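*Asks:* Sequences and hints are given; from them, build the entire structure.
There are 2 protein chains.
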Amino acid sequence: MKAIVNVFLKAGVLDSQGKAVHHALNSLQFSNVEDVRVGKQIILKLNETDKEKAMSDVTKMCEDLLANTVIEDYTIELV
Amino acid sequence: MKAIVNVFLKAGVLDSQGKAVHHALNSLQFSNVEDVRVGKQIILKLNETDKEKAMSDVTKMCEDLLANTVIEDYTIELV
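One line per chain: the protein sequences are A and B, in this order.
Okay, so the first sequence: first residue is 1 according to this note's numbering, each after it adds one.
Okay, so the second sequence: first residue is 80 according to this note's numbering, each after it adds one.
These are calculated hints, taken from the structure and not from any lab test.
Treat the numbers as computed from the prediction; the structure is a model and nothing was measured.
Positions of the beta carbon are idealized from the N, C-alpha and C atoms, including for glycine.
Check the hints yourself; a few may be wrong.
In the DSSO-like style, the derived pairs of lysine-lysine whose C-alpha atoms are separated by at most 27 Å in a straight line are [claimed, not checked]: (1) 2(A) / 40(A); (2) 51(A) / 119(B); (3) 10(A) / 60(A); (4) 81(B) / 2(A); (5) 40(A) / 139(B); (6) 98(B) / 51(A); (7) 139(B) / 98(B).
Footprint (simulated), chain B over chain A, 3 or more residues, beta carbon under 8 Å [to be verified]: (8) 22-35; (9) 43-57; (10) 66-77.
From the structure, some residues in chain A lie toward chain B, with a derived Cβ separation under 7 Å [as the list claims (entries may be wrong)]: (11) 4; (12) 17; (13) 39.
*Replies:* Pasting the structure below:
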């Protein structure tokens with residue numbers, strides 16, 4: 001089973017990497033870009049067949065290591 | 080319109096960040112993780128209503144700036 005974890009900064013937290021990309025895109029004449037947010041995508045290959053167990057494991061991984069829950073949110077998708 | 084761009088290392092390219100996360104997860108007793116890949120997720124808010132124009136613009140952004148196409152692949156999703 002695969003788990004796709006997306007980690008991104010909470011709304012309201014300054015995304016300096018996104019701002020830099022936005023500025024660079026404007027410099028390259030892409031003027032129709034209004035906002036840019038940059039996050040991480042972590043793809044985990046799990047040796048697990050039980051979906052509920054996988055979801056609870058991955059949630060714990062996010063809380064413990066993958067996301068800084070003070071400033072970041074995360075979503076988990078199992079495929 | 081929003082564009083979600085996922086950028087990840089091509090298969091075969093060493094993902095040192097993924098390896099580090101994998102090792103850290105194993106240290107935290109998550110033994111059911113077989114492989115970890117870490118990529119970037121870039122969310123663009125576009126001032127554009129034409130889907131085809133948006134797709135061609137975002138493809139050009141990926142080729143020019145967002146992805147290093149020598150070692151990275153990307154996917155684009157319009158929502």
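*Asks:* Could you run down the list of hints and mark each one as holding or not?
*Replies:* Going down the list of hints, with the structure as the test:
no.: 1; hint: 2(A) / 40(A); result: 16 Å, holds
no.: 2; hint: 51(A) / 119(B); result: 25 Å, holds
no.: 3; hint: 10(A) / 60(A); result: 19 Å, holds
no.: 4; hint: 81(B) / 2(A); result: 25 Å, holds
no.: 5; hint: 40(A) / 139(B); result: 21 Å, holds
no.: 6; hint: 98(B) / 51(A); result: 24 Å, holds
no.: 7; hint: 139(B) / 98(B); result: 30 Å, violated
no.: 8; hint: 22-35; result: holds (count 8)
no.: 9; hint: 43-57; result: holds (count 7)
no.: 10; hint: 66-77; result: violated (count 1)
no.: 11; hint: 4; result: 9 Å, violated
no.: 12; hint: 17; result: 9 Å, violated
no.: 13; hint: 39; result: 4 Å, holds
Checked against the numbered hints above, the structure violates hints 7, 10, 11 and 12; every other hint is satisfied.
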